[in-house]
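Keeping their order, the protein sequence lines are chains F and X. Those letters in the first sequence? Residues 1 to 308, per this note's numbering, in order. Those letters in the second sequence? Residues 1 to 277, per this note's numbering, in order.
Hints listed in this document are in silico derivations from the structure and should not be mistaken for laboratory results. Among the clues, some could well be false.
[What the hints assert, rightly or not] Calculated cross-link-like contacts (lysine-lysine; reagent style DSSO-like; alpha-carbon spacing at most 27 angstroms): (1) F:Lys-215 with F:Lys-112; (2) F:Lys-215 with X:Lys-7; (3) F:Lys-112 with X:Lys-6; (4) F:Lys-67 with F:Lys-272; (5) F:Lys-272 with X:Lys-236; (6) X:Lys-186 with X:Lys-104; (7) X:Lys-7 with F:Lys-112; (8) X:Lys-223 with X:Lys-72; (9) F:Lys-215 with X:Lys-6; (10) X:Lys-51 with F:Lys-153; (11) X:Lys-223 with X:Lys-236; (12) X:Lys-72 with X:Lys-236; (13) F:Lys-71 with F:Lys-272.
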Amino acid sequence: MVRLLERCVLHVRKGVKSPPFFIFWMIFPVILILSIFTFYPTVNGIILAFENYSVFNFSNIHFIGLKNFTKILSDPLFWTALWNTLWWIVLSVSFQFVLGFGLALLMREPFKGRGIYAGLVFYPWALSGFAIGILWSWLLNAQFGFINDILIKLHIISEGINFLSVPSWAFFSVVLVNIWYGIPFFAIMLLAALQSIPQELYESAEIDGAGIFSKFVHVTIPYVSSTILATLLLRVIWVMNFPDVIYGMTQGGPGGTTNILATYMINIVYYKNNYSLSSAVGVFVITILMIYSVLYLQFTSKHGADEF
Amino acid sequence: MMRKSKKYRIFRAIMLSIYLVAAIVPIYWIVLTSFKVPTDLYAYPIVYFPKVLTFSNYSYLFSFAHFLTYFKNSILISFISSVISTTISILSGYVLARYQFRLKNVIVVLLFFSQMIPAYLLMVPQYSMFSQLNLINSLIGLGILYVNIAAAFSTIMARGFFVRIPRSLEEAAMIDGCSRINALFKITVPLAMPGIAAIFSFSFINDWNELFTAALFLNSDDKYTIPVALYSFISKVGIQWGVLSAGLVVALVPTIIVFAFMQRFIISGLTQGALKE
Numbered sequence: 001m002v003r004l005l006e007r008c009v010l011h012v013r014k015g016v017k018s019p020p021f022f023i024f025w026m027i028f029p030v031i032l033i034l035s036i037f038t039f040y041p042t043v044n045g046i047i048l049a050f051e052n053y054s055v056f057n058f059s060n061i062h063f064i065g066l067k068n069f070t071k072i073l074s075d076p077l078f079w080t081a082l083w084n085t086l087w088w089i090v091l092s093v094s095f096q097f098v099l100g101f102g103l104a105l106l107m108r109e110p111f112k113g114r115g116i117y118a119g120l121v122f123y124p125w126a127l128s129g130f131a132i133g134i135l136w137s138w139l140l141n142a143q144f145g146f147i148n149d150i151l152i153k154l155h156i157i158s159e160g161i162n163f164l165s166v167p168s169w170a171f172f173s174v175v176l177v178n179i180w181y182g183i184p185f186f187a188i189m190l191l192a193a194l195q196s197i198p199q200e201l202y203e204s205a206e207i208d209g210a211g212i213f214s215k216f217v218h219v220t221i222p223y224v225s226s227t228i229l230a231t232l233l234l235r236v237i238w239v240m241n242f243p244d245v246i247y248g249m250t251q252g253g254p255g256g257t258t259n260i261l262a263t264y265m266i267n268i269v270y271y272k273n274n275y276s277l278s279s280a281v282g283v284f285v286i287t288i289l290m291i292y293s294v295l296y297l298q299f300t301s302k303h304g305a306d307e308f
Numbered sequence: 001m002m003r004k005s006k007k008y009r010i011f012r013a014i015m016l017s018i019y020l021v022a023a024i025v026p027i028y029w030i031v032l033t034s035f036k037v038p039t040d041l042y043a044y045p046i047v048y049f050p051k052v053l054t055f056s057n058y059s060y061l062f063s064f065a066h067f068l069t070y071f072k073n074s075i076l077i078s079f080i081s082s083v084i085s086t087t088i089s090i091l092s093g094y095v096l097a098r099y100q101f102r103l104k105n106v107i108v109v110l111l112f113f114s115q116m117i118p119a120y121l122l123m124v125p126q127y128s129m130f131s132q133l134n135l136i137n138s139l140i141g142l143g144i145l146y147v148n149i150a151a152a153f154s155t156i157m158a159r160g161f162f163v164r165i166p167r168s169l170e171e172a173a174m175i176d177g178c179s180r181i182n183a184l185f186k187i188t189v190p191l192a193m194p195g196i197a198a199i200f201s202f203s204f205i206n207d208w209n210e211l212f213t214a215a216l217f218l219n220s221d222d223k224y225t226i227p228v229a230l231y232s233f234i235s236k237v238g239i240q241w242g243v244l245s246a247g248l249v250v251a252l253v254p255t256i257i258v259f260a261f262m263q264r265f266i267i268s269g270l271t272q273g274a275l276k277e
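Based on the sequences and whatever the hints tell you, model everything.
See below:
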């Protein structure tokens with residue numbers, strides 16, 4: 001394999017002077033690690049999706065064709081999870097983005113203590129999603145939770161809501177927490193982009209008589225659009241594969257109503273111990289993300305966002 | 001565009017305060033809970049400013065569970081894995097930034113593709129591979145997986161950083177007889193230090209917080225990392241909010257400290273490294 005890789009990588013594009021062996025050995029470690037521990041298991045995982053591998057069946061593992069896929073497609077919980085995944089991504093990412101962008105806009109001009117302020121509002125980004133989930137389930141506790149208490153004190157509700165055990169509230173709650181968790185990410189990214197906008201652009205726009213709104217649409221947005229598109233792409237991929245918050249709060253319950261595909265998959269592993277079935281869900285996830293990425297990149301390359 | 005009107009300043013102050021309150025209240029609440037005595041903990045109406053504070057939740061936590069061991073495991077594994085993944089990403093990111101070669105685009109696409117694979121698709125094949133290699137319930141085994149998780153994104157970030165550093169300095173060094181690798185580590189790496197610190201902190205934080213892989217691959221108490229300990233803690237003692245809050249504080253505070261110190265690096269690194277050329 002090393003030979004093959006060497007031959008491929010070493011075949012250097014003509015006309016560019018570059019030292020083949022150096023390039024090969026520099027890139028070798030990362031390729032080696034990813035091949036053994038990511039790509040090889042991925043292939044195995046995909047194969048697994050067509051087999052009957054589970055805890056109850058170690059001795060007679062063989063191909064069963066598309067049975068896992070038909071089994072999943074006929075499971076109503078899968079459809080709930082798929083539908084939830086869509087809403088999970090759309091709601092989480094769009095609100096994270098809008099609120100994060102808002103925060104970045106508020107923070108772009110210096111004010112006293114901005115550094116400390118940044119530390120205090122950005123910190124959730126560095127915390128464990130699972131711990132965040134547990135923390136928020138305490139805040140949302142029906143009897144002793146802070147949120148219910150505040151809502152009662154403000155006379156918005158008259159008695160505590162069981163946020164995590166009533167299905168519609170439960171999904172609303174996990175999305176809300178995920179939004180809270182993800183705002184700093186967008187704020188951090190967009191703040192840096194905003195600060196790199198040359199001041200002259202605004203000045204010349206002002207000379208042309210542009211108002212605040214017009215400056216925002218014609219100067220700010222075009223300048224940071226590539227950052228926006230790139231962060232959105234990555235974020236959607238990450239959020240889709242991000243079960244931590246939900247797992248800390250509801251583990252997909254009650255009755256599967258807060259499952260997204262990622263937690264649905266975990267629950268198949270933990271409770272059904274059917275690894276082939278969970279792999280089939282994984283194959284769905286990869287397929288969806290690949291289609292999404294290709295469409296997204298095709299769409300955005302027309303808008304000049306090939307920034308990576 | 002200096003919009004200095006008083007109205008805007010007031011509006012901004014109000015909005016910034018709302019964001020601040022929303023960010024801080026949850027963590028304040030959990031710290032407060034961890035110091036409450038049981039009678040205050042489950043009191044109604046809720047006690048916002050307790051008169052008595054107690055360390056009993058923490059002492060119970062440390063007597064019941066070996067949090068110092070978990071702490072040591074977490075620090076060790078996060079630190080070593082991040083050093084390794086950062087080092088190999090320097091090598092690959094540098095080459096991707098500086099040279100043109102066949103398969104370069106394929107490699108970049110593969111790096112991005114690796115971000116799309118759900119962890120749970122990998123875990124079963126990884127588990128059977130590791131059980132043959134005798135790496136189950138081993139911090140070394142888990143460390144290898146953490147290097148694997150971080151490698152691709154770290155490379156992407158590193159590449160973004162090296163692209164911004166002019167190559168003229170390295171070339172000058174090489175004319176003076178410096179080898180390529182020496183030029184990289186003596187000239188370019190020091191210049192890219194903020195970015196490298198960002199890559200390191202980013203993977204450190206991710207490793208520190210990682211739960212699902214660790215929960216599958218570690219199965220004895222003495223090997224647990226903090227997230228796994230927290231997870232098994234809940235299944236063992238159930239939801240006891242006082243102790244659980246103490247556990248959360250112990251789990252969260254180190255990342256908050258790392259973040260506070262490294263914030264500037266992390267932010268500049270994430271934004272410049274990953275997203276712009």
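What are the numbers of the hints that this structure violates, sorted from low to high?
Hint check: nothing fails, all pass.
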